[in-house]
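Engineer: Residue numbers (this note's numbering): 169 to 487.
Quick caveat, the hints were computed from the structure, so don't treat them as lab data.
Where hints are given, some of them may not hold.
[Unchecked claim] With a straight-line cut-off of 25 Å between C-alpha atoms, the simulated SDA-like cross-links for lysine to any residue are:
1) 324 to 359
2) 191 to 418
3) 324 to 373
4) 232 to 418
5) 432 to 371
6) 426 to 369
[As the list claims (entries may be wrong)] Label pairs and their calculated CB-CB ranges:
7) 271 to 195: 19 to 29 Å
8) 351 to 236: 35 to 45 Å
9) 464 to 309: 39 to 49 Å
10) 484 to 283: 29 to 39 Å
11) 184 to 485: 21 to 31 Å
12) 218 to 355: 23 to 33 Å
13) 229 to 474: 17 to 27 Å
14) 432 to 339: 22 to 32 Å
15) 334 to 187: 58 to 68 Å
16) 290 to 224: 37 to 47 Å
17) 224 to 351: 22 to 32 Å
18) 319 to 282: 33 to 43 Å
Note that the coordinates shown come from a computational prediction; the quantities given were computed from them, not determined experimentally.
Where a beta carbon is used, it is the ideal one built from N, C-alpha and C, also for glycine.
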Amino acid sequence: MLLVAALATLPTSLLAQPVALVKTQAPGYYRMMLGNFEITALLDGTATLPMDSLLQGASVETIKRLLAAQSLSTQVETPINTYLVNTGTHLILVDTGAGSFFGHAGGHLLANLRASGYSPEQIDTVLLTHIHSDHIGGLSSNGKPTFVNATVYVNKIDADYWLDPANLAQSKGDAHSGFQQAIDALQPIVSAGKLKTFSGETQLFPGITAIPAGGHTPGHTMYQFENSGQKLLAWGDLVHSTAVQMAQPEVTVSFDWKGAEAEKSREKVLRDAAQNHEWIAGAHHAFPGLGHVMRIENKDNHPAYQWIPANYSLAGLKP
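All chains, please: the whole structure from these sequences, using the hints.
Structural biologist: This is the structure we're talking about:
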């Protein structure tokens, strides 16, 4: 009773001090080693996507059920992941995020790059999985290249398609915006003489191979990194919805250039990834987007897969 009486005599301001909310997130980077290659996942931002209207090839009820199984609604906050690979000789960035194209939903790559201990001037190579706004937006700003010392590599099929003035002139609506964004992002790179194209499966550097996986765009490309017997496949937009497309690879997305080709690429790569048990780096898996693929059998005995996210690790890194 004496304690209660004593507390009652204290000023109200000393009894319940408000504590301001911080409301900031940790820097968006995660690091792992692949042999002697250092892999850093970098988050550019997140965009909320209406998966019930974007995904095609399954009923809305099925899509809702698969999303709900992972505690997701149809409005899915979807990450935009990029990957930095330090080979010891080259500093390579896979994709560049959305830049200013997505407003505040994107454009955080440079801040997270610096937080991870690197600067944009150190990057000597940019590998584009494909030419879509959320992968090329960070290439340039105000008409100037962002990564001033970098050569930008992209599949020739994608470059020819997206940078063709005739395609821009003939397009309308969202398609027209896509072509215009491609030109806006890449023209400063072209003008600087820094755009380099390749065709088919190509070894770009020792231990780094470009592997075509068309359908999402005409020249959609994956990049395989290999060192000391370990492999990592940066597969770009092979999967947009982990919850739905891993379970049902036949489901496509409205962003696909040719859905049937995208489906064929996805089914092959998922099958191979499950067999090889290699590391995967996905542009739109939950950050950091690193993990493995495991094959499972559904009730119809149809090939289905499960995403196994990376276990947090400090192996080979400073704690």
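Engineer: Checking each numbered hint in turn, tell me which of them this model violates, lowest number first.
Structural biologist: 2, 10, 11, 18
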